[in-house]
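Participant: Go by the hints and put chain G with the ligands onto chain C.
Chains as they are written, first to last, in the numbering used here: chain C, 1 to 258; chain G, 259 to 555.
Be aware that a few hints might be false.
What the hints assert, rightly or not - Only part of the chain G face toward chain C is listed, based on derived beta-carbon distances under 10 Å:
1) 387
2) 388
3) 392
4) 394
5) 395
6) 398
7) 408
8) 413
9) 456
10) 460
11) 505
12) 509
Calculated directly from the structure, the hints in this document are not laboratory data. Glycine included, every Cβ here is placed at the ideal spot set by N, Cα and C.
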Amino acid sequence: MIRFITFIGSKLLNVAQGLGEMLALFCETVYYFKEAPRNLPSIFRQMNLIGVGTLPIAMLVALFVGMVLSVQTGTQLALYGTQEAIGAIVGMSMVKELGPVMTSLLVAGRVGSAMAAEVGAMQVYEEIDALKTLEISPVRYLAMPRLIACLFTVPALVSFAIVVGIIGGGVVAEVNPKINVPFTVYYDNMIRALTYKEIFKGLLKAMVFGGIIAHVGCYVGFKTTGGARGIGESTTRSVVLSFLLIMVANYFLTRFMI
Amino acid sequence: MAPDKYYKSQHVVSQGPLGSFWSKLAHGFAPPIMEGDFCPVNFSGSHGVSIKISKLNKSFGATHVLKDIDLIIEPGETFSIIGPSGTGKSLLLKHIVKLEKADSGQILINDHDVNEPQDKNLPRNFRYSMVFQSSALFNSLTVGENVGLWLRENRIYGEVRIRRIIREKLRLVGLAGKEEMRTEELSGGMKKRVAIARSLAMEPDLILYDEPTAELDPVTSDELARVIMSLKEKVKLTTIIVSHDLNFALYLSDRVAMMHGGEIIAIGTPSEIKKSQNPIVRNFIYTTTKGIKGEGD
Ligand SMILES: Nc1ncnc2c1ncn2[C@@H]1O[C@H](COP(=O)(O)OP(=O)(O)OP(=O)(O)O)[C@@H](O)[C@H]1O
Ligand SMILES: [Mg+2]
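Okay, chain G solo, but in the shape it has when bound:
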């Protein structure tokens, strides 16, 4: 197909005398924002954000999906949301990243309402990114282009630097050297990992994972857990994880919330959740096939 050919040719000639022309063409003759090592986006001071959700309600027609959600997430926290299928976990994440608009209630990120337009004079003070449950990779692009899309489209770095970042992020999720693969050649778990790499390429201050381990094997899940842990130590970003993988969620998180029927019915540290006396929580956690081992029994 044409896009392939275009990018291939750009690869080949980018070293020659025509190279600068092609890369200029690829960047639409716009002046690069970044010359040398200057960068328009503050990458060094990545910092966790606080999230405050109050009285959030959302209905679709007659079905009331989210009911009076109240939630406070501290800066730098790793927070998990667990709960049965169809209770509105994904929907809650979409509200946080402004993809859905609530019927009532408020979401404050760093004490700023997400639905109010940001003051144009202030520099944008945080970045968020979301790993979708369905991965949502761009079909027309290769793996590498998917990962580098944000960097390229927003002119964050020059082409060489972007390639290096793509390589690095793909290695982080265990897909080193797969840049040129097409998305339809990937398995479900590989897609998820590319989606994670794409989110990580933004160096976000807030990252939301929707079922990050749903299609991963145990070893890759472990690897992902390590990546999330090290990010937390290095960058101190705020992480929200929605997962059915209880061991994964309880192992990684500082705090866990359990959603049921559109409400948050329990919230606490992993050990508090494990000790919870709430029958719904106990019932959800101590299942035979997917749950965790009961303590003392």
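So that you can see chain C by itself, here it is in the shape it has in the complex:
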């Protein structure tokens, strides 16, 4: 029994310590934002990697999400003859939830894991140590450009995803014989429902998620130990941790922005 309590206690302490370290790293990263101008090239490089690299797959995913959303809700609405509302429903869901969350999960799996692996490899192969002896802060050189790039790129990706998802939903609504809502009706309906405020909230979410992805990737990378095996573990851990944090953050952001 005592052993069990000790076990739980040490786990809790580990979690608390991890959170503390993450917070400390976050503060340090933000502190180095002031040095951002001279790291512009590497920020652009990261943006390119994150944004341009993820764009096609993000749009594809968003397209199908919009389409399935339209089919599912559209056919249900059609039972009550209220399928006109489909534009508003697809638009709102894409902007408020599906766009930010789906895209961020995609970026976490594709980019966050790669960051953790890259930084983790640098940790394992003493490159981080070498940076320190060259009087270069690893946080400034590695974490800061990634965080900034993610903060801007993920909202951009999400905006593309939202647009594509909405178009996908609209096409399905028009083409599917059971729903059969003309695109103009769909569009009018959606525009009436969406406000700038909602769009802003959706993009703010995306920005927070982007920050989570980059931060988790770098934090897990910096904490990597144990050779090639450790790098593999870090990759997995970064994906799991950022999925979790994105979901938790999503709840609280939604709760407090409503």
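Facilitator: This is chain G with the ligands only, laid out in the frame that chain C set:
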């Protein structure tokens, strides 16, 4: 890949009217610290530093790796540490460059504790650099960018001057004209030499080599020995070498320390070490394949 393209394009346009724009962009629109020949870092008065290590202890879990290390290294000295694998030689170097924190004990460089924050008002009075056992080159950068990283990141010189320094340091380690190569195209020995060039580019006052010759052929080792000797004459820097290459270490060093089981068991000039009666030292030095020839037998 993108980084390549970026730097290539910067190369090409750096002469044209857009050139200044690109180089400004590359420097993040920050004003260059150096205009003309003014330089923020004192390069001319490079000077050796003294190192005083007292009662240094370090354990990892239950294993006590470094045991009460006491060591004094004079300014400008070339000092070698020899000893069997796994006794904590690399670990000791990492303590000196602040990559590891000791459990107890003290390291003073120029009579200043390395773990105490330096007085912000004082200009930093020495530079150190370390050549890692694993080379630790940056994978995402080319050879030239690796060598110039410190100069670029800390805005020491303008771009043209930095290129010249990179070329010069690479020539020094016998890799002239290899700036554009990627690190994964290099052999182990070439990597080590790039790492040495990267350290030399800092013009350090204290340089630590961890196994500099481990992957070098005899001729390149000789060349490296010459470079280290000439640096010593020109710059009077303090050099610490960890090496299994006994001939290399004994030839170059002013003094040699032998580590065994986490302790320093012998210390002295090369000839003293060669004459040592300590059985562990004799056993280590007078081996058949890698050791040196016994004297008089
Ligand atoms: N981060 C670490 N965690 C746990 N143990 C470590 C760590 N770093 C070093 N050690 C231990 O410290 C001891 C000394 O390691 P070190 O790398 O300094 O040896 P070395 O003398 O440089 O050997 P070699 O000549 O093979 O390079 C080893 O037994 C190693 O297991
Ligand atoms: Mg070693």
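Participant: All hints, please: hold or fail.
Facilitator: Verification of the supplied hints:
Residue-level restraint check for residue 387/G holds (minimum Cβ-Cβ distance to chain C is 6 Å; threshold 10 Å). With its C-beta approaching chain C no nearer than about 5 Å, residue 388/G sits inside the 10 Å limit, and its interface hint holds. Because the closest C-beta pair between residue 392/G and chain C is about 5 Å apart, less than 10 Å, the hint holds. The interface hint given for residue 394/G holds, since its Cβ lies 4 Å from the closest Cβ of chain C, which is under the 10 Å cut-off.
For residue 395/G, the shortest C-beta to C-beta distance to chain C is roughly 8 Å, which falls under 10 Å, so the interface hint holds. Proximity of residue 398/G to chain C holds as hinted, the smallest CB-CB distance being about 8 Å (cut-off 10 Å). At about 5 Å, the closest approach between the beta carbon of residue 408/G and any beta carbon in chain C falls short of 10 Å, and the interface hint on this residue holds. Interface restraint check for residue 413/G: the shortest CB-CB distance to chain C comes to about 8 Å, inside 10 Å, so the restraint holds.
A cut of 10 Å between beta carbons decides the hint on residue 456/G: the least distance to chain C is about 8 Å, and the hint holds. Residue-level restraint check for residue 460/G holds (minimum Cβ-Cβ distance to chain C is 7 Å; threshold 10 Å). Residue-level restraint check for residue 505/G is violated (minimum Cβ-Cβ distance to chain C is 27 Å; threshold 10 Å). Here the hint on residue 509/G is broken, as its CB sits about 26 Å from the closest CB of chain C, past 10 Å.
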